[in-house]
Structures are given as C-alpha cells and as structure tokens.
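Take the two lone chains and join them into the complex the hints point to.
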Amino acid sequence: MKKILATISVLCFITGCKYSPSGSNYIERSQEVIPIVANLSVSPVLEIEDTLKVFGYIDFHYDIDVGNKQVYSFEFWLDDDSHENNWGSQSWNLTGSHSLYTNNYEDGEHTIHIKLITSSGRENIADKLDTEFLETRFAIPLWFDNGPASPVSVTKVNKEAGRIQVNWEMYRRPDLEEYRVYKMQTIDGFYNSEQYVGTSESRELTSIIDPQYIGGKVNYRVDVKIGHSYKYSNGEPFTYSGSYPQFISADTVGSNQLQIKWTSCKYPANFGKYEIYNSTINQEWTIDNVNDTTVSFQFSDNGTPHTLILSTHPEGNNNFRNVRQDTLYIN
Amino acid sequence: MSFKYLLLSLITVIASQQVYAQNFEAEIAVGYSSYATKDLIRFQDEIISGNRLSFKTTDRFPAQPYLQITVAKIMGDGNRVGFFWGYLSTGGRLTVSDYSGEVSSDQILINHELGVNLNLYIEDLKSEKIAPFFQMKISALLSRLELFDQAHLSNGESYKEELTLIAQNASITPSIGLDTNIISTPLRVTVGYLIQVTEFPFHLRENRDAKLRISGDNTVGPGLTGLRVSVSGVLSF
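Chains as they are written, first to last, in my numbering: chain A, 1 to 331; chain B, 1001 to 1237.
This is chain B alone, in the form it adopts within the complex (with noise of 0.2 angstroms):
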C-alpha cells in the first residue's frame, strides 16, 4: 500500500488546478478500487490446498488506489467525451516462515485500462458551484499476472521462481460524479462499478494457448469487477 504516493498525487492534483478552458480538460483522478477476482482467490486456495507447507494467506488482492488520466473533448453543451488510460495494482501473497527459512508466493495484479468515456451533466441539477452527471467508460482492461516464488533458507539456500501471465478483457463503468467548486477549488468526485463484460483467462505472452488453469480445468481470469471511487483535478486548456 503506497500511500505516500497516493497523497503526494492528491496533493500535487490540487496544487495543479486552474479555471476551466473552454473546449478540452485533462483529467487526473486518483481513486479506491475493489475488486471480486474471485478466480485468483480459488488459485490461492487452490495452492494452499496442494502444497505440503503450511501456507497463510496474508494478502487476498485488497482494495488499492487506482490512477486515470483522461482527456475529453468539452461539447458545446458543457458534456464531455473523452479517452482515458487507467492503471491499477493489487495482489496476493502465501507465505510461511519458521527457524529454518522463509517460503512465499505471490500474486501481483496489474491492470492498464484503456478506453473512452462520455460524461452527461444533468442540467436541472446543475448550479454555479456543483454539476452532477452521469459517466459511462468503455474499456480494454490489459491485465498481467505476475506469479513470484522465492524460499530463502537459513543454510543460505534460496530459490525463485517468476512466470508472467497476461489477459486482456473488456468493461464497461456506469458511473455518477459531481463537478464542484464549493472550496474555490474545482474537484470532481465520481463513484462507479466497473463490470467485466469478458472473461478471458491469463495466459502467457508468447502462447494463447497456454492458460492458467486451476483443478476442474477452471480457467483464472483477473476479475476486476467492483467499485470505482475517485477524486480528481481538472486542467482545461
């Protein structure tokens, strides 16, 4: 968890913030994401069941911060439409140490989004200090697995092991958010539930074909269905 790099975004976000510009605003949004990745907790589990070492898991992909930075045209109405990238991390871990060394397995998420999105302000609600609107973001999710097993003994052996799995899916975010400026400072605050629409599996760069697969020949895809929450600065130029 990197706060420190979470506040300094926050603080430098703020710190940036100019009036708005009348045709296109560059967005910088800094948020809190959950995600279901409900295959890569069954692939933990499933490690745990099949392994002799008496694996914990202490990291389960917790809610993380998430980065987007979008540009969008401004439409004569005051809507916006716009192209985003997005990046995101979380991750998962399994471990045991005792007297004789220390064995983990770790799972590191990464997810880039790639997509375009359309912010509708609602006009009936719209006053000089807030505008609530409605956000839909379509997107490319490009996950990569990072899979990290190392055991580092107190003989001095040590062992590791690192494969690399990718995927690549596609979602959409329904969201609302509120443009506002009650502090002389223009924020906008946006709430959404990003929906996987695919469910393409992890597999490796150079082979399609060869998927990570758990018993059952269940695929694991990354799962990143949940909540978006974010605040973020506008630049407009």
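Just chain A, with the same shape it has in the complex (with noise of 0.2 angstroms):
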C-alpha cells in the first residue's frame, strides 16, 4: 500500500511541478488618440463665398504631422474611394504637393481626399502589435471650373466728383485676365460706334471713370477675358442718360448785341471747353471755363439768319464721338 502511495506522489509530482508562471504586469495607458494635424491648401485657387473654385492644373500642397504614428498607406483620392478616381499614393513624404489636371473632370463639385492608415500611437499593446489601426481623412471640396467665361453685368452709373462711374458685378470664377468697358454714345439720336473707356485687371476693382462723358446717352458695356480662352464674354449694354450742355436762350442786349446764354456743362470734371461757332459770321468763341455760358457778338437785324453750334469737348480729348452739339438758329 504503502508503495502504490509513493508512486502515486511521484506522478503527482512530475505532472505537478512543470513550472509554470503566473506573473503579470498591467500598465495604466490612455486610451486617447491625439488627432492628426494636417495643412492642406491648393493653388491657385479663387475662394468665393466659401468655395474653393479652380480651373486647369492645380497643386494640390499638404503637410502632415502624424506624430509619434506610423504610416502604413497615404493616398490621394477625388470624390470617392473608387479606382478610377485614385490620384495616386505614396508612403514616404508627408510633405510636398501633388498636381491635378482638372479638365480631366467634370466641372462642378469635387472633393480631394487624403486617405491616411497609420498606427493608433497610443502606445498600448495592439498599437506596438501594429493591430491597431487608424484611419484619417481630411478632404478639401473643391469647384472645378474650366468652361467658358460669363458675362458680368453693369449694375450702375453714379455721378461721381463731376465724372460718372461705371460700376459692374465682380466676376466670380476663377482665371480672370481682365474686365474690360466699352460705351456706346449716341449723337444726334444714332448709336456711334463702340469707344474702348479702359481695362481693369483686378477681380476686385469693378468700377471706372469714365473721363470722357460730358454728357448724353450712352450705353456700357463690360467684357471679360479668362486666361484660359481667347474669347471675351460680353456683358448686356446699361443705358445712362445725361444732360449735356444746350443753348438756352438767345437775348438781346444794349444795340445790336446779341447775347447767347447755354446751360453749362454737368460733369465739370471731365470738361474741357465750349466751342460756339457762328457759322453766319464765320467767328468762333472757344471758352475753357465750364461756368462761364454766354457768350455776345454782334447783330446786325437785317433779317439775315444767324446758326450757331454749341460743341462741348471733353478735357484733352478731340475725337468727335466725344463731343456733344447743340444747334441754335436764329433768324
């Protein structure tokens, strides 16, 4: 009995005393994940009313802090995660830039994505196990805007310090070359041909002078040029409508004077003189100051008709399509 006890120990023992640890070793770890930082920005880009609008090739620029993650993918996408829309990838720089050439796309809405596998950086266990994975997006949405140029609208003429100021809509898409302002001016009841007013190169600035108008009916235009194409888009014509100077009355004075009185010219900046011409007596007056509206000669009653033409020309300029007439007959 006693045997079969001692050999029950000793299997007891050998199947007993295979060692094994127990010991364990729990670290308290935060379970928060600090975020990604990124900087992403694309040029050029034109930001209207929070939207990002962009035309042709763009860069798009990125710089990334992971911090203590590891990088397991890093990849460019446009819109979504399909195949055909995957701009490409790489694992090796989380600074630089990747170009885009947006024509390839339908214009409208897009979003550019980065799509960022990196480890979770707690540190815990799973993450050093590389199990833990995080998954980052950052987008920017972008409008891709390759069509033609559109027309803006001149939205109103205001007198301004004695001239008139055109004044047009800003042109909201991107690759603006320029604005560029036309009038059309109408003498004796007929539109003349179009005048170039001047060219504005900044988005921004979205109104002129108009140095030459003394006066009259005049219709303004504004065309836009885009970088991108050869074409001007012209805006519809906006009519104004001012007084120009015009004889008033014609008195006589003492013996045989005849004074000639007309209104005087409504946008002294822009004056340059009056010019009346007595076509009668072959005498003309050329007067350069805008307040000064009469003007006498000689009258000899005999029954002969006197014509006078009351031309106002703008200051510095003589092209006839900027100066306004006025005919008085007298008989």
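Please note that a few of the clues may not be correct.
[What the hints assert, rightly or not] Between beta-carbon pairs, the in silico distance windows are:
| hint | chain 1 | residue 1 | chain 2 | residue 2 | range |
| --- | --- | --- | --- | --- | --- |
| 1 | A | S24 | B | L1163 | 52 to 60 angstroms |
| 2 | B | W1085 | A | D130 | 41 to 49 angstroms |
| 3 | A | N86 | B | T1164 | 29 to 37 angstroms |
| 4 | A | N86 | B | E1161 | 35 to 43 angstroms |
| 5 | B | L1142 | A | G23 | 24 to 32 angstroms |
[What the hints assert, rightly or not] In silico EDC-like cross-links for lysine to aspartate or glutamate, where the CA-CA straight-line distance does not exceed 16 angstroms:
| hint | chain 1 | residue 1 | chain 2 | residue 2 |
| --- | --- | --- | --- | --- |
| 6 | A | K225 | A | E236 |
| 7 | B | K1056 | A | D80 |
| 8 | A | K266 | A | E160 |
| 9 | A | K273 | A | E315 |
| 10 | A | K53 | A | E135 |
| 11 | A | K115 | A | D80 |
| 12 | B | K1056 | B | E1102 |
| 13 | A | K18 | B | E1146 |
| 14 | A | K18 | B | E1102 |
Read the hints as simulated data drawn from the structure, not as lab findings. Even for Gly, the Cβ is constructed at its ideal location relative to N, Cα and C.
Given below as structure tokens:
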C-alpha cells in the first residue's frame, strides 16, 4: 500500500511540477488618440463665398504631422474611393504637393481626399503589435471650373465728383484676366461706334471712371476675358443718360448785341472747353471755363439768319465721338 | 510553484517508510534547488531590450522543488552505489498588459537528470540514530526549453507561437548528507552543489546546428549549476 502511495506521489509531482509562470504586469494607459494635424492648400485657387474654385492644373499642397504614429498608407483620392479616381499614393513623404489636371473631370463640385492609414499612436499593446489602425481622412471640397467666361452686368452708373463712375458685378469664377469697359453713345439720335473706356485687371476693382463723358445718352458694357480662353464674354449694355450743354436763350442786349446762353456742363471734372461757332459770320469762340456759359456778338438785324453750334469737348480729347453738340438757329 | 504537490509527495514518502533491508534501497528525494541560469536571464534581457513592448520580467527562473528517485546497492560496509533519475522545472516570464490586451513570453525549463551516485558513510561519526555521509553524483542533464509566446487582444485576436529546444550536458554534484532515525522515521537529508561541467547550448531537436543565440553570437545554455537541498525517504528491499 505504501509503495502505491509512493508511486502516486511521484506521478503527482512530475505532472504538477512543470513550472507555470504566473506573473502579470498591467500598465495603465491613456486611451486618448492624438489627432493627426494636416495643413492643406490648393493653388491656384479662387475662394468665393466659402467655395474654392479651380481650373486647369492645380497643385495640392500638404503638410501632415502624424506625431508618434506609424504611416502604413497614404493615398490621394478624388471624390470617392472608386479605383478610377485614385489619384496616387505615397508612403514616404508627408510634406509636398501633388498635381491634378482638372480638365480631365467634369466641371462642378469635387472633393480631394487624403486617406491616411496609421497606427493609433496610443502606444498600447495592440498599437505596438501593429494591429490597431487609425484611418484619417482630410478633404478639401473644390469647384472645378474650366468653362468659357461668363458675362458680368453693369450694376449702376453714378455721378461721382463731376464725373461718372461705371460699376459692375464682380466676376466670381477663376482665371480672370481682365475686365474691359466699352461704351456706345448716341449722336443726333444714332448710336455711334463703340469706344473703349478702360480696363481693370483686378477682380475686386469693379468700377471705372469715364473721363470722356460730358453728357448724353450712353450704353456701357463690360466684357470679361479669362486666361484659358481667347474670347471675351460680352455683358449686357447698361444705358445712362445725362444732360449735356444746350442753348437756352438768345437775348438782345444793348444795341445790336445778341447774348447767347447755354446750360453748363454737368460733368465739370471731364470738361475741356466750349466751342461756339457762328457759321453766318464765320466766328468762333472758345471758352474753357465750365461756368462761363454766355457769349455775345454783334447782330445786324437785316434778316440774315444766324446758325450757332455749341460743341462741348471733354478735356484732352478731340475725338468727335465724345463731343456733344447743340445747334441754335436765329432768324 | 506547485507547493501542494510537494507537500503531497513528502507526506506520501514519509508514510511509505519501512525499515532498512539488507541489499537494495529505493530512495525518493524531494528537494529545493537553485540555478544560475545566467544565459537564460541574459536571454530575457535581450528580449526586453529589443522589443517595443514594455515588457517586465515577472518570473526569472526561481528556485524550485525537484524530485529524485534513486535505486542503490547496499555494499557490505554499508556504503551505497546507485543510479538515479531527477526532475526539476523552473521558468521565466516577460509580460505586459493593458486595456488593449496582454502579451507574454514564457520560457519553461525542464530538466531530467540521469546518473550514478556513491554514498560513503563516515564511520567515526556514525551512531544508532544518525549516519553522516559524503555523496558524489555524476549525471547527464537532459534539458528542454519551451518558449511560448502569446498575445491576447481585447478585440478578440490572439496569437501563439511555440518553440522547443533541447540541450545535453554533464554535471557532478558533491554533497554531504545525514541518515537519521531520530523521530522513529528513517529520513535522509542531503545538501549538495550541482556543478554543470559542460556548456552545450540549447538547439533544435531536429538540427543540432540551430543553436539558440543572443547578441554577440553568444549561445544560450541551461545553466543548472546551483545548490540542491533535499529530504528523502528510503525504501529498502
């Protein structure tokens, strides 16, 4: 019996004494994930009312700080994750730029994504065993705009310090090269050929002074030129009408003196001179004071009619299309 | 630490005592042993230094109980010559855990010892109740190292990896001991020091050239040199 007990004890010892480690080492760790910081930008870009508008080739610039995280993949996507729109991938550089030719895509709303697969950076066991992943996406919504230029409208023409100022709406699409302002004036009731007024190459500069306008009916138009098209987009004409100097009276003064009066030029800042020509006696008066609106001459009352022409010239410009005329017939 | 098995063994051994017979005796010894295991401790340090996980050594090959069974021939002058089998096991653990999971790397060392022993009694000190003796053991150390790495993650994933290596070495164990019958129960107490005289490293069972190495091309052996203290019961027949 004792031998049996001894045998049992030996078997128990052998089976039970294989060393079994029991130590533990629990470490309290924060479960917080420190977010990845990305500085993203696109150029060239036009930001209008919180919308980023782009055209042609763009460069997508990125500067990403992943902190203590290990990067497993770094991909660029356009719109969604479909294979067709995979823009490329790289896993070796988190600072740089990537080019995209927007003409390859339809105009409209698109989104550029960065898809980043990293370790969690929580430095827990799962993270260090590369089994805990963090997918981070950064997106920039863009508006692709590669279409032709669209017109802008003149919003108002206002009198400003003795001149008129033409104002138009801002062009809200990318790649603006210039605004060009034209006008067409009526002379004797007929529209004359268009005249160039001026150019603005600044998107925000949406007004211009017409230094030649001294009155009359005029249509202003703003054309838009964009960089990736040679065509101008013509805006709708905007009509403005202001008075111009006209004869108002012809009075006899003293003996055989006839005094002619006309209204003054209402745009004195543009004013150059008045020219009054009496074709009957072939006499001309030139007056460069805008407020000097009378002229007198010897009038022989022998029944000969006099024809007077009042020509008002803008300053420094002798283009006949800018000259306003009024005619007075005296019998 | 299987203390309950040790206790059970001791009780059973004591209960199984009989009076001495004349020609042969069987001895069942239960003892405590310490080990140098320098290589294995360096092996643990190497794992820690080369690992991103914040491992901590929670088990570093502690002193453990061992078992020895001896069958000896009782010579005419009372000295004994016999052969024996011994068993011991110890181990190490590197582990870390947090809310996301647990990883551990266990190193289980199992050693079987086969050899011969010679007990020479000191006649001048021998009395009716006590019999001191010198003992010399020469043995082969058949060691097995089980490397068991496992990870359990809180997301349900788990990984396991096992590798077993073996090593064979030789040792001598000079000891002194005392047979006593003071408490009307024949017991033998032995204190010795095992000296591992060879330094053959662990290798794969199927390829002796595939040795366990750490940096500096240093190989890793069992390192079983250490103190052995045992109490045994003797069964004569």
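A quick look at each hint next to the structure:
The supplied range of 52 to 60 angstroms is broken by A/S24 and B/L1163, whose beta-carbon atoms lie about 23 angstroms from each other. For the pair B/W1085 and A/D130, the supplied restraint of 41 to 49 angstroms holds, since their beta-carbon distance comes to about 46 angstroms. Evaluation of the 29 to 37 angstroms hint for A/N86 and B/T1164 yields a failure: the beta carbon distance comes to about 47 angstroms. Checked against the hint of 35 to 43 angstroms, the pair A/N86 and B/E1161 passes, with Cβ atoms roughly 37 angstroms apart.
A hinted range of 24 to 32 angstroms holds for the C-beta pair B/L1142 and A/G23, which are about 27 angstroms apart. Of the pairs offered as hints, the one joining A/K225 and A/E236 holds, with about 15 angstroms between alpha carbons and a cut-off of 16 angstroms not exceeded. For the suggested pair B/K1056 and A/D80, the alpha carbons sit about 46 angstroms apart, so the restraint of at most 16 angstroms is broken. As the CA atoms of A/K266 and A/E160 are separated by approximately 11 angstroms, the hinted pair is consistent with the 16 angstroms bound.
As the CA atoms of A/K273 and A/E315 are separated by approximately 7 angstroms, the hinted pair is consistent with the 16 angstroms bound. Simply put, A/K53 and A/E135 have alpha-carbon atoms about 28 angstroms apart, too far for the 16 angstroms limit, and the pair is violated. A threshold of 16 angstroms between alpha carbons decides the hint, and for A/K115 with A/D80 the separation of about 11 angstroms falls inside it, so the pair holds. Distance check on the hinted pair: B/K1056 and B/E1102 sit about 12 angstroms apart at the alpha-carbon level, within 16 angstroms; holds.
Proximity of A/K18 to B/E1146 is assessed by CA-CA distance (about 11 angstroms); at most 16 angstroms being required, the pair is judged to hold. With a C-alpha separation of about 23 angstroms, the suggested pair A/K18 and B/E1102 falls outside the 16 angstroms cut-off, and the hint is violated.
In summary, the structure is inconsistent with hints 1, 3, 7, 10, 14 from the numbered list given earlier, while agreeing with the others.
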